[in-house]
Amino acid sequence: MDLKGKKVLITGSEGFIGSHLTERLVEIGADVTALVQYNSFNSWGWIDTFDENVKKEINVYTGDIREYDSISKAVKGQDVVFHLAALIAIPYSYQSPMAYVRTNVEGTANVLQACRECEVEKIVHTSTSETYGTALYVPIDENHPLQGQSPYSASKIGADKIAESFYRSFNMPISTIRPFNTYGPRQSARAVIPTIISQILSGKKEIKLGSLTPTRDFNYVKDTVEAFIKIAESEKTIGQVINVGSNYEISIGDLVKKIIDIIGEDIKIVTDEKRIRPQKSEVNRLWADNTKIKELTDWTPKYTLDEGLSETIKWIRDNMKYFKTDIYNV
Numbered sequence: 001m002d003l004k005g006k007k008v009l010i011t012g013s014e015g016f017i018g019s020h021l022t023e024r025l026v027e028i029g030a031d032v033t034a035l036v037q038y039n040s041f042n043s044w045g046w047i048d049t050f051d052e053n054v055k056k057e058i059n060v061y062t063g064d065i066r067e068y069d070s071i072s073k074a075v076k077g078q079d080v081v082f083h084l085a086a087l088i089a090i091p092y093s094y095q096s097p098m099a100y101v102r103t104n105v106e107g108t109a110n111v112l113q114a115c116r117e118c119e120v121e122k123i124v125h126t127s128t129s130e131t132y133g134t135a136l137y138v139p140i141d142e143n144h145p146l147q148g149q150s151p152y153s154a155s156k157i158g159a160d161k162i163a164e165s166f167y168r169s170f171n172m173p174i175s176t177i178r179p180f181n182t183y184g185p186r187q188s189a190r191a192v193i194p195t196i197i198s199q200i201l202s203g204k205k206e207i208k209l210g211s212l213t214p215t216r217d218f219n220y221v222k223d224t225v226e227a228f229i230k231i232a233e234s235e236k237t238i239g240q241v242i243n244v245g246s247n248y249e250i251s252i253g254d255l256v257k258k259i260i261d262i263i264g265e266d267i268k269i270v271t272d273e274k275r276i277r278p279q280k281s282e283v284n285r286l287w288a289d290n291t292k293i294k295e296l297t298d299w300t301p302k303y304t305l306d307e308g309l310s311e312t313i314k315w316i317r318d319n320m321k322y323f324k325t326d327i328y329n330v
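With UniProt numbering, the residue at position 183 of the sequence shown is 183, and numbering never jumps.
Hints are not guaranteed to be accurate.
Quick list of in silico lysine-lysine cross-link-like pairs, DSSO-like style, CA-CA up to 30 angstroms [as the list claims (entries may be wrong)]:
no., residue 1, residue 2
1, Lys161, Lys204
2, Lys73, Lys7
3, Lys208, Lys6
4, Lys222, Lys4
5, Lys4, Lys236
6, Lys205, Lys161
7, Lys161, Lys208
8, Lys257, Lys274
Restraint-style ranges between C-beta atoms, simulated for each label pair [unchecked claim]:
no., residue 1, residue 2, range
9, Ile28, Gly203, 38 to 48 angstroms
10, Thr291, Asn39, 18 to 28 angstroms
11, Lys258, Gly203, 46 to 56 angstroms
12, Phe170, Gly5, 21 to 31 angstroms
These aren't lab readings, by the way, just hints derived from the structure by calculation. Even for Gly, the Cβ is constructed at its ideal location relative to N, Cα and C.
Assemble the whole structure, with the sequences as input and the hints as a guide.
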């Protein structure tokens, strides 16, 4: 499938990955509708920061995936749907588990039911590497068991199974993309990489972090966005769950050292107990096997970790107004 000229809807378009995907789809010539969560401020999230020439190419639709009437109107007439809208903050899922069920599970069911009724040509549903929990073996392939180690991960497992059921029950053209840890410009300040960088750039000589021993497979946002597009374009991906990762793991401790070296500051790390997950909930190891996506598409990551971190540091340096480094962002 060539996305140029296709009518494409993106849920979660105003967010971190969604905004980058929205821009990229405009660039390749898709007819883009951006679903933005309704709010009284009429804020379009990161879309508000787009170049005006890009913004004018987007049809912005305000709604809420938790409301079927809202999402069904947004989906009507669309050829392709990228479903990214979700609650994603793990710490807040400990405080409000039901909010994650309503948004991530029920919201996904609403999106898929609307796509079924409107006979959408292709749906790309967004999962997360957190559904795997702590690695039982590495690298983690798509056959790895799913483990609900937080209310967030459990809600995403539920959403993934809803997507699987719609594919199996109704023969819908659904692909599930499972990104490992995406980072880059516009990422929430509560995520580990912007947390590290923004604290250092604010002038702090001591930065507060949680556990330093877990490992992650980090992926620059532009690589993740290209994976979304490649998966949407390929007929081979229908009915598949597909990892998107670098096939490289690094501990949080080593990541901090790398960022400190790139920025060139002398920094002390302080453990903040508020930032440590409950023991049984912490995901200690994530390392992606990306064989499947390479077999099904011609995707491969382009950015090294050092290159991606340098781009992210530059963006955060220019946009420190978005970061409240004295507050722990749950």
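Hint check:
1. Lys161 x Lys204: Violated, because 44 angstroms separates the two Cα atoms, which is more than 30 angstroms.
2. Lys73 x Lys7: Answer holds: Lys73 to Lys7 is near 14 angstroms, not above 30 angstroms.
3. Lys208 x Lys6: Distance of about 46 angstroms is beyond 30 angstroms: violated.
4. Lys222 x Lys4: 19 angstroms, holds
5. Lys4 x Lys236: Satisfied, since the Cα-Cα distance of roughly 19 angstroms is no more than 30 angstroms.
6. Lys205 x Lys161: 45 angstroms, violated
7. Lys161 x Lys208: Status violated; Cα separation ~37 angstroms.
8. Lys257 x Lys274: Between Lys257 and Lys274 the Cα gap is close to 22 angstroms, so the pair holds against 30 angstroms.
9. Ile28 x Gly203: 38 to 48 angstroms: The hinted range 38 to 48 angstroms holds for Ile28 and Gly203, with Cβ atoms some 40 angstroms apart.
10. Thr291 x Asn39: 18 to 28 angstroms: 41 angstroms, violated
11. Lys258 x Gly203: 46 to 56 angstroms: 20 angstroms, violated
12. Phe170 x Gly5: 21 to 31 angstroms: 26 angstroms, holds
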